[in-house]
Amino acid sequence: MRRFFTFLSACILGHQVHPDPVSFSKDLAPILLTKCQSCHGPKKAKGKYRVDTFLRAMDKGASDQPGFTPRNLDESEVYYRLITDDKDERMPSEGDPLSKEQISLFKRWIEEGSTFDGEQGASLASIIPPPVHPKSPEKYSSKIPIQALAYGADGDELFAGGYHEITVWNPKDGKLLRRIGNIGERSYAIDLSPNGHLLAVAGGAPGLYGEVRLLDTANGNLLDVLARTPDVALDARFSPDGTKLATASTDGRIRVFEQREQEWEILKTFANHSDWVNAVTWSSDGKRLASASRDKTAKVFDLDSGKRVVTFSGHSGPVNGVAFHPDGKQVYSASDDKLLLLWRIEDGKKIRDVHRFGGSVHKILSLGRSVFISSNDKVAYEYSLGDGRQRHQFKGHEDWALSIAFDSLNKLVASSGFNGRVHIWNQTDAKAIHSFFALPGYEVVEPTEISSGKSLKEN
Amino acid sequence: MKIIYPVFSLLFLGLACPGKPKISFNHEVLPILSKQGCSQGSCHGAPHGKGHFRLSLRAFDPSLDSHTIFREELGRRINPIEPSKSLLLLKPTMAIAHEGGQRLKVDSFEYNLIRDWIREGCPTPEDEAKCVKLEILPGGSKLLKWPEFNLQLSARATFSDGSSRDVTRLAVFTTSDENVAVVTPAGKVTGKNRGQAAILVRYLEQVQSIHITFSRKPEGFAWKAPAPVNYIDEKVLAKLRLLHYAPSPLISDSTFVRRIHLDLTGLLPKTAVVQTFLSDDAKDKRSQLIDRLLDSPDYAKYWARKWGDLLRLSRKQIGEGAVYKFADWLEQSIATNQSYDEFARDLLTAKGSSLLNPEANFIRTTINAEDAMESTSQLFLGSRIQCAKCHNHPFERWTQDNYYGLTAFFARTKTKKLGKSEETFVWNAKEGEVKHPVSGKHLPPWVPDTGPFELPPDKDRRQVFAEWLTKPGNPFFAKVEVNRIWASLMGIGIVEPFDDFRDTNPPSNEPLLEALAKDFVDSGFNRRDLIRKIVNSNAYQTSAESNEFNRDDTRFFSFRQPRRLEAEQLVDALGQVTGKPMKFPGVPNTVKAVHLPAPDLGQKNRSMIGDIEFLKVFGQPERQTVCSCERAGDAGLGQALQLFNGKLFNSMLTAGDSLFRKSLSAKKPLSEIVENLHLSALSRFPNEKEKAIALAYLEKATDKGKALEDLCWAILNRNEFLFNH
Amino acid sequence: MRAFLYSKGQNPRIHVGLLMFLFLLPLVEAQQISSVSPRTATVGEPVEIEFVGKNLGLSGDGNLSILASFACQQEIISEFPKPPADGKGAKTRNKVRLKVTLKKDTPVGVGWLRLVTSMGITPPILFLVDDLPTRKADPKSRREEAILIDPPLAIESRTPNLDVHYYKLEGRSGQRIAIEVFGSRLGEDVDAALKLLDAGGRILAASDDEPGSGKDPRLSHVFRKNQTAYVEVREIRYQGGKFYRLRVGDFPLPMAAFPMVAQAGMKTSFASVGPPGETSLSRSARISGLYGAPSRYSLGFRGSEHNASGFVPLRLVEEPPFIEKEPNNQLSEAHLIESSATLTGRLLIPDDIDVYAFDSKKGQHFHFRPFCRSLGSPAFLLLSLQDEKGRVLASAGNGNSAEESLHHVASADGRLFLLVSELAGRGAPAFHYAISARIQATPLSFHWDAGKASHLTVSGQPGSTVTLKLKSLRKNFAETIELTPFGERGDYEVFGSSSIGKEKGNFDFEIHVPETMKPGEWDLLRLRASFSKEGDSPKEWTDVLDFKSAFQNVLPNIPFPPEELLNRIPMFVMPRKIEVSLDPISGEPGDMVEMKVSLEKKDGTFRFIKPKTSWHGFPKEWKVPVKAQDFDEKKGFALLKVTIPKKAIPGDEIEVFASVRGELENARYMRVFSNRISIGITGKEDTLEETK
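Chains as they are written, first to last, in this note's numbering: chain A, 1 to 459; chain B, 1 to 725; chain C, 1 to 692.
Chain A on its own, in the form it takes in the complex (with noise of 0.2 Å):
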């Protein structure tokens, strides 16, 4: 569904008088999100009184009177507990009051019959139209970790995530090729359709939104905003045939979206995981689906029945990745407790330890005949996804390698770090050829390394 939308004020806080009546989805959703869903919502409702969708917003908690009561501000409680300045019943409880202008915005809308203008017992997250961001800076003023990396079709483009942005490198010589704008803050994946045309980036503001954008390759126009939840995405994947594109969040969900006629609809959810989902992946007959979270354990889905196949908990901490072994009867996943681990999809069982790292490893990515793995020891390795024997070792990194990428075509692997480094190495003999600093205007200032050199110390 798609909708085009104006972004009202620059940021939350932002607000200046307009004549045009209230919008709930547009100025009150963003207030009660940030100020307070996290007391009244889901997980947790502090006097049996929700916000997180209007409905329940409107309704009445513990106390007598009704969230909000049309054109009747003494029995609107929410109302009442902005205005009262008793510090105990004031809301926000333990924060400042909120501005003048924002409690003038709740009061003409409950004047104005308190309408509501978003989709019905849609969550708040979801009806706030997705805002434009900021502009990124011109000259970066530090280094940034990279956790997203990805080549283009041909290989002659390098996406990397970047602050608000998508950059573009080109792999052969480390220069800025361009810059797509109105990103979230942070992007933690980043994943071409196979056609290439089409760009899925997921990302967000750790703690306060996460979205997963679909951009159009070429010239990086927004298509859609997809799976919009209060804490980051943390990974988007087209599926083989390029027809689905699944979603992994922080509110434990998996969302698999679906093209029909230029619109991208919710094809099905899994809400199986008890804590966010690192990553996830497509089987390659594009009908099963493999997630990693942070709850230890990965699971695999059946995508036509909607059914969890199998829970695998043999990891002692967050899973980060995982890769369908190619029988389609096993899966690799890999953890913050250093293991890669192979498993049977029948019964859950662990087949064998593939390999101990130095420290956890990332999202781990299966192309072709192998699967390229990260990991906090500095290294960046390829394993054959066939018998998990290790083919190469990329060395080179200084900091942790966060993620990974492949350009099939000229078999060259470029892995980024938590330094914001992109190292370029050969597949074929792992030499490394050049790495750079994917971060636009970045000059070093510091001769040392301002992060502290001491040995990180994995907790």
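There's no promise every hint is true.
Stated by the list, open to error - Derived lysine-lysine pairs resembling DSS-like cross-links, with alpha carbons at most 30 Å apart:
| # | chain 1 | residue 1 | chain 2 | residue 2 |
| --- | --- | --- | --- | --- |
| 1 | A | K87 | B | K192 |
| 2 | B | K583 | C | K325 |
| 3 | A | K378 | B | K85 |
| 4 | A | K46 | B | K583 |
| 5 | B | K580 | C | K140 |
| 6 | B | K306 | B | K105 |
| 7 | B | K471 | A | K87 |
| 8 | B | K50 | A | K44 |
| 9 | A | K87 | B | K105 |
| 10 | A | K135 | B | K105 |
| 11 | B | K50 | A | K43 |
| 12 | B | K583 | C | K168 |
| 13 | A | K135 | B | K85 |
| 14 | A | K26 | B | K704 |
| 15 | C | K389 | B | K270 |
| 16 | B | K459 | C | K325 |
| 17 | B | K270 | C | K168 |
| 18 | A | K107 | B | K105 |
| 19 | B | K459 | C | K389 |
| 20 | A | K100 | A | K87 |
| 21 | B | K430 | C | K168 |
| 22 | B | K85 | A | K139 |
| 23 | A | K87 | B | K85 |
| 24 | A | K44 | B | K105 |
| 25 | B | K133 | B | K471 |
Keep in mind that the hints were calculated from the coordinates and are not lab data.
Take the given structure of chain A and dock chains B and C to it, following the hints.
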């Protein structure tokens, strides 16, 4: 008078020196996180943190905190490009909902400091200097006279690289007594009313305290006090004069004879003893009575039981046979006036079988080296060090290293149970070390001031600790015992509670404590002489009636603090007055409650359970810990009911062969019986009014026995009987 | 029964009465002693000892005497119930009183005595021979009412329940008074505590457990002025009914004798080790080991200035004592011990170590057993066996028993060093010890597995064989051994092969019972093993095998497995075969039939006392009297009348048999089974089938 805030110069200018980060993670960011309460035990300092965010408690592990803040969850909490948008700042300023509430205000001193640190890329250099000294300025103990009850404190920290800086905004200020003085987070002290308070300042691992006395002269105050008998009186009167508390007058002979008997022997004086004492007109009859009591077996038995409370002397802990043997040993130690240092050395270094040498039972009641150290530190160092087991002590100088350094003394003490008997053998192994839970290193034995010892393997470590402890120069040993004896006699310690010596619980009269301790050491740790000096002093013989100018003094001994009879004293007193003493299981029926070796002897016969209940209700300790707090002193409904018509009290009153019934059947005149009742219960003759009321009631009554029961019940429910005043 | 009583003075080493008791024990109500008083006797003064108990033999059968570790005259004073005038219908005694008078020169100290009756012999009862007269003085529980006693004397009483006993003394200035309680040292379960109080109740001296007297308290005090003093005696937990003997006088309180062990019957000179300040006294003594309780002796010491003796625990050992000579603190200064000995020594100074050296051969067994706490020494010994290089091969003393023994098999030839130290590193004159060190060449040990046998003995008929179930535990020792059994009567022939090869783990070893032995006789068998080893110098080796006696596992809590029965197998000679026959019978349903069981003795030299018959195999519906019939001694058979039930089906047969059990003349319990017979049911064939 306006209070000027000291100017924080260096901090704000932030001279940029290239290369060296301006904001220090260890010296500034972490102290702020602990001062604002982020890393306190109930929030992110909890063992598993809160909301997947864990900080070490009060930042005692900087490397873990720097990793968690900067790198965990792929650097989620830090936004190096727009620092003000970092999660680390959005949450505490409630920009995003934060369960911990608002901990920082935007653009406040603390907020900007963290924001600048993030802008610099969160530097956490490994080689930062350690804070080695913390001073409070103005230093020393202070005396504030009304109306100037305000004082602005500042804290200065010195580091191992020689540098020093003001840390007032970074240190945590707490007060030891809210209703005497309060302190703001910025270090401004405001006195509430007369008294003494300690202000504690904590910055990283350093703890300092400053004692402030607030004196205020009430209107119409006139100083009047009897001439001091010894140095004790001088010290007490000096403090009272300073704080403008006028001492109450001295007590009468009858109050003295009752008080001295209860304090030295735990028993009420017999009527004959009261009569001869009251009629004796010798000038030094009080000190003679004191000497007689100090020489009596009852004194030894009563004070041995006090130590029984502290040394966990119960059947449950050390078995029935050992209880009698250990109780006998304690009684002989007090009867022969064994010097206190020798007494402590025997307990601490006991070896061999717990039956042949009963003092080995002290080690036996401790389950492991930590428990042995904790008991020893509470008994002989007067400090409750348990908190330092998992992290640095919140109120005191004891750090975690100190805790395990002291434990090292007991690491090699081994016990083994011999066969089925209750006998335990205690000996010292040649090896055995204590591991620090966090660093994993072996810690050598360590004591305050002198520091760690390097001991050859076969040296008996407990011997070394005992010698350090009982050396005359030891800062704890004499003070703790002197304070314990003072608390037993005066009802309240110079340090209260008497086994809780810490900076935030200062002694109410430091010079008095020093003088007593010095005298005790000079006398060769002679306990009996110390008691003799205290009970001969005016301070001890002061009346319990307060006057207009000392009514609100609770800590400075201007008048006697009355306290209810201990559970055992009460049972014996009731038995003595009614002539029907209670019988206890496992001991001959001539044994008094105050002489009981242990509270749980021979409880096998169910019938006695009802009576033992009486002792439990009035606070008899179970002796499971070495803490003084086990003897509950507070009143309760159960106690009132027991004295109203409790099973035990009732059986004593209504017994056919009670004293007053026997004297009734012996045709003694009613007036004499009434007089005897008063002499026995209150250690004084009844006044005219009391005699008149009693006789009137008795004349009127048809059943004289029942009437006498009512009279006795009435006397035994009066506060004058129930209290040691 | 007279013949079976061991009469005094004959061969001391075989003790018939003792064994009779053993055989009786598991079978018939053995005699039991519940109280013996008094427990002490004063030299030269006769004393009437009263034994109260159950089953003390038949009253009046004259079979009543005392066996004591000290020579004494004895005379039966009275027996209860009184022996019958006409000698018939005697009942078993439950109380006896005997008058015992000791010779003048009887050594003072704790010895033992046993009561012997036809029903057996009691375990040793500890008995004090004291040189203090026992006087009567009833104790008072209130100090003021205490009765004045005039030492030196001894008072025997029992502790009051939940109370204390007071005795009054008049002390003269400068007078030394010594007071002790004899209780746990007489085997009584009492833990007494003593206090000497002045008139005001203040403690002059006190004692609870002391080194040298274990749980018994003892103290000494010198009065500084003439004053009245009170002795307070109490059980530490105020438990009542516990026996105590209070000795008050002027006697030494030695903590130990040195050496503190002696070989039975060997004259040994001892020196007393007093508490600091008391001069050491010396004496010599020869202690007979006759069937006493070797671990519970004590020896009296007395100086010229004393008016009584002070006692010190002593132990009888088999191996000769070896007294340590300081300095022996390093391996270089160790004493070399050639053969089994009892190492006695003292840990005089803290962290003192005594070292003994042994030359060991490969496979040699070393067995060290310390005695300290049982002899009143407060020491807890730590034994450590090291080789020349100081490597610790074995150690003992860390477990939770106070006297842990150490066992080691030498893995190579060479010198071994035994280091003796105190676990808590303490040292003082009272810290004395004795270690029984036994060196055995046996590279193997045998285990006599009588556990399965229901009796404690093996038995066989004269001329027949006796089977011993033996198990050999070898440790790298492959030679074949020759086993020769021997007993008090000399060697016995072996039936079958007497050489035991390596392959034989468990094997039956048959011994030929000589024809000359008569039923009722018995012997104590021991096994001597010998082998000759080839190699450079053939080594001839014989040793008496030491194996765990069956008693310990059959009767673990027997109060006293007499030491003389350890490593010996009692063999008992049984009468020849006894036949029990049953005559076949038949009868019609409803008939009363008579069954006769007859007993045929092959060699009539024994009597079957009170035999009892019982029947087996009758189906339920046959009403058979359950009570076993009495076997008529003279007629030699027993009769059983039984009726065949009406419903029995003619033509049927049931199979029954009988068994006879009872005591042989020499109180040897036996049970013999008859052959099986079938009772035929006769009568017309019932036409039962048609009606079916």
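When the hints from earlier in the document are held up against this structure, which numbers fail? 2, 4, 6, 7, 14, 15 and 21
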